[in-house]
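Dock chain A against the given chain V, drawing on the hints supplied.
Chains as they are written, first to last, in our numbering: chain V, 787 to 1239; chain A, 787 to 1239.
Some hints here could point you the wrong way.
Stated by the list, open to error - Which bits of chain V does chain A cover? Going by a derived footprint, with three or more residues having C-beta under 8 Å, they are:
id, stretch
1, 850-859
2, 1119-1126
3, 1188-1197
Hints listed in this document are in silico derivations from the structure and should not be mistaken for laboratory results. It should be emphasised that the depicted structure is a prediction, and the values quoted were computed from it without experimental measurement. Think of the CB as a built atom: it goes at the ideal place given N, C-alpha and C, for glycine as much as any other residue.
Number of protein chains: 2
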Amino acid sequence: MRPIDSLVNALSAARVVTDPDVIDSYARDRTFVEPGKPLGVVLATSRDDVVTTMRWASEHRVPVVPRGSGTGLAGGAVAGDGSIVLSLAKMTAIREISPADEIAVVEPGVITADLDRAAREHGLMYAPDPSSYEISTIGGNLATNAGGLRCVKYGVTRDSALGLEVVLADGRVLDTGRRTMKGVTGYDLTGLFVGSEGTLGVITSATVRLRRAPAVPPATFAAEFGSLRDAGAAVAAIMAAGCQPSLMELLDRTTLQAIDDWRNIGLESTTQAMLIGQSDASDGQAVAERMQRICEDNGASFVAVSSTPAEAEELIGIRRLAYGAKERLGACLVEDVCVPRSALPAMISAIEEAAARHDVLIGTVAHAGDGNLHPVFIFDHGTVEPPANVWAAADEVFTTALRLGGTLTGEHGVGTLKRRWLALEAGPVASEVQRGIKAVFDPLDILNPGKAI
Amino acid sequence: MRPIDSLVNALSAARVVTDPDVIDSYARDRTFVEPGKPLGVVLATSRDDVVTTMRWASEHRVPVVPRGSGTGLAGGAVAGDGSIVLSLAKMTAIREISPADEIAVVEPGVITADLDRAAREHGLMYAPDPSSYEISTIGGNLATNAGGLRCVKYGVTRDSALGLEVVLADGRVLDTGRRTMKGVTGYDLTGLFVGSEGTLGVITSATVRLRRAPAVPPATFAAEFGSLRDAGAAVAAIMAAGCQPSLMELLDRTTLQAIDDWRNIGLESTTQAMLIGQSDASDGQAVAERMQRICEDNGASFVAVSSTPAEAEELIGIRRLAYGAKERLGACLVEDVCVPRSALPAMISAIEEAAARHDVLIGTVAHAGDGNLHPVFIFDHGTVEPPANVWAAADEVFTTALRLGGTLTGEHGVGTLKRRWLALEAGPVASEVQRGIKAVFDPLDILNPGKAI
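With the rest of the complex left out, here is chain V (with noise of 0.2 Å):
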């Protein structure tokens, strides 16, 4: 009898998976990182298979590796020999929509834009949106507080989670939070869980918050320009006018280059750095109009404004080629440092510098009105792991980051891709600190060990 055969009779042979190939590819997440051999995959349905599989990894001492739809791009649901994959995307019900009271009860297999779509049938928006949000699920959101486009209005996935239902590491079930908006009974265990990537517990539901959703479609502009730098003020002059954008991008040089020789936009060779923003707001159309204005104050040779919202979503179009543009250009590393707004033009310069010193391509994006860059290293297609070149860049950009006052992670989280910078950021009281929250939770380390801290 295999040591799996016990999980197999617990929660019967449909729910868990031991074909090795199949297994494989629970293993993996959107990162070239290498996993091991699990012993098998639990497709869990509710939340006592959820319960069942804990107690026996408990009983077992077999690691456990929490994974939604594997959009990750940090290793955080890499699997690694030995373990066993718990998958939670077959949990996929809304359970409950609230129009009065703006909040919705959801499985951790959700899709995000499903929700988001559900929510709009009663005028209500789910306001965060990772890139990935048509396959990435809410469990995975919250795992790893994803961020998004329009965060830089609304916040990252944090601001909208009230409370949740989690399994811990032994079986027991523990409820966090609340329905309602405010509340301070005990410490903020929602907000421990939600980004700690699978390591404390396994999130079987939640309530999460909604928002009104805009009366008026959204305003788009879209700005050329011939600098980094000017495009960066223009970023930090719309910001200081206080006009709010719910959406405000940056694509650099390398990035519109893949675009443009993919889909042809139509790119000027003088234009070093797009701007796509937004505005929601009631009067949105006078806000685009104004960050037009700051855009062409700022230099922009060409700035243009969405009259209606077929026009708005070709421009947003553009955006969201960027990943699949630079993807015919080879594999890619997906970073995700962010530093405070003031210093932008000074970490894009950074990562130039990086690129032309390791002699690697690298194409930016930025979600500029929060500062979160994402610099994608482009190397060889079929390469298993990034060559040397490539780290090298990948460490001076971190490093940059943190000295720049910033953070090794926005909003991908530190996974297994992370760790060897982790310590330079956290400091050792913070680490030991995180080690002694981590043994509360999980005395017997099964719960994704190795990631994240």
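Chain A alone, transformed into the frame defined by chain V:
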């Protein structure tokens, strides 16, 4: 030699109060809770003073009760026998305001409104505004995760806290969070300290988020209703219409009567509730007029909309009189439940029923947009402790709030006053986990013991 003499030697006599009368004034907050007899009061002027105090306290196993200006309403800063009161009120430096990054770095003793005023010199604001903001400190706001009037739009103190410097129980210094708007390295320690009522560490510096101050003065309305039910319906309709008020306060008849008796606001005999709301949007005047129409559609007998900042101040001024007016009537137990917004009418009815059943005068003010109610239980001046019927009525209010899906405290904290009800909300697993976290940070249980959890 008294035990405290070694602390006096370590800090200097100027920093340690040992006069019993002065100590007593530092051992209380704004509740009626009677303190014990602390050994002394440390008037910290720097992080080093706090480190010295905590090292001494750990060595001698002396409880430490941190405090700001003592405006708390839950007994969280009330000090017991043999403890040291650690006042942060003299650490009042605003170390940095960065308009470009929209952040400030402040010491814990900074008065909340002083930070807001300093920010406004740069076109920014500090959004959290507890009613006590002219006398409360940022450190106290962080320790209780204070709310306020504007949090219906801008969130609570947690939503403005980016990073903290904390002295741990053993004197180690921990830095949490960051200067960036987003960041997901490690567990959310910042969130864990916010609202922890000084039981996990002593905050000695905070990096907080500022926001652009609205360009135009807010537009304000006040509406009178013949029933609380109509007022509740108007709140729901205003929120559902996406008006995004920056303030939405509800006052009941008892409160209005107390204000009218004091300052004569011309209260009509038929008025049972007043709603005061504000919009600080760029099209705020139009939004206020829209809110006016919604109130009229929901049965308001009279609605005034301000057309000048002076008129707006006059309307808000009515709200500001609420506590003062009730304090004239007797000693006050200021309570603080929060329910899902749709349960606001049911909660108000339950408060009225509890008042009638137990023959207690209760006047209620609500941050109605958040479902956060402050029923104020009024009893005889000079009574040291609320009489049994007040506690019986309060018990009914608390248990009803929980039954309606709400919480024991929306923004004041648990302190000592709410601890006897805490298990009803938290449940055994959450309580156990919270005790585990407490032990990680404070294994000797010397930090504000007997509070919060």
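Outcome of the hint check:
1. 850-859: The restraint on the stretch 850-859 of chain V is violated, since only 0 of its residues have a Cβ under 8 Å from chain A and three are required.
2. 1119-1126: Our answer is that it holds, as 3 residues pass the Cβ test (under 8 Å) against chain A, meeting three.
3. 1188-1197: holds (count 7)
In the structure shown, a violation is registered for the earlier hint numbered 1 alone.
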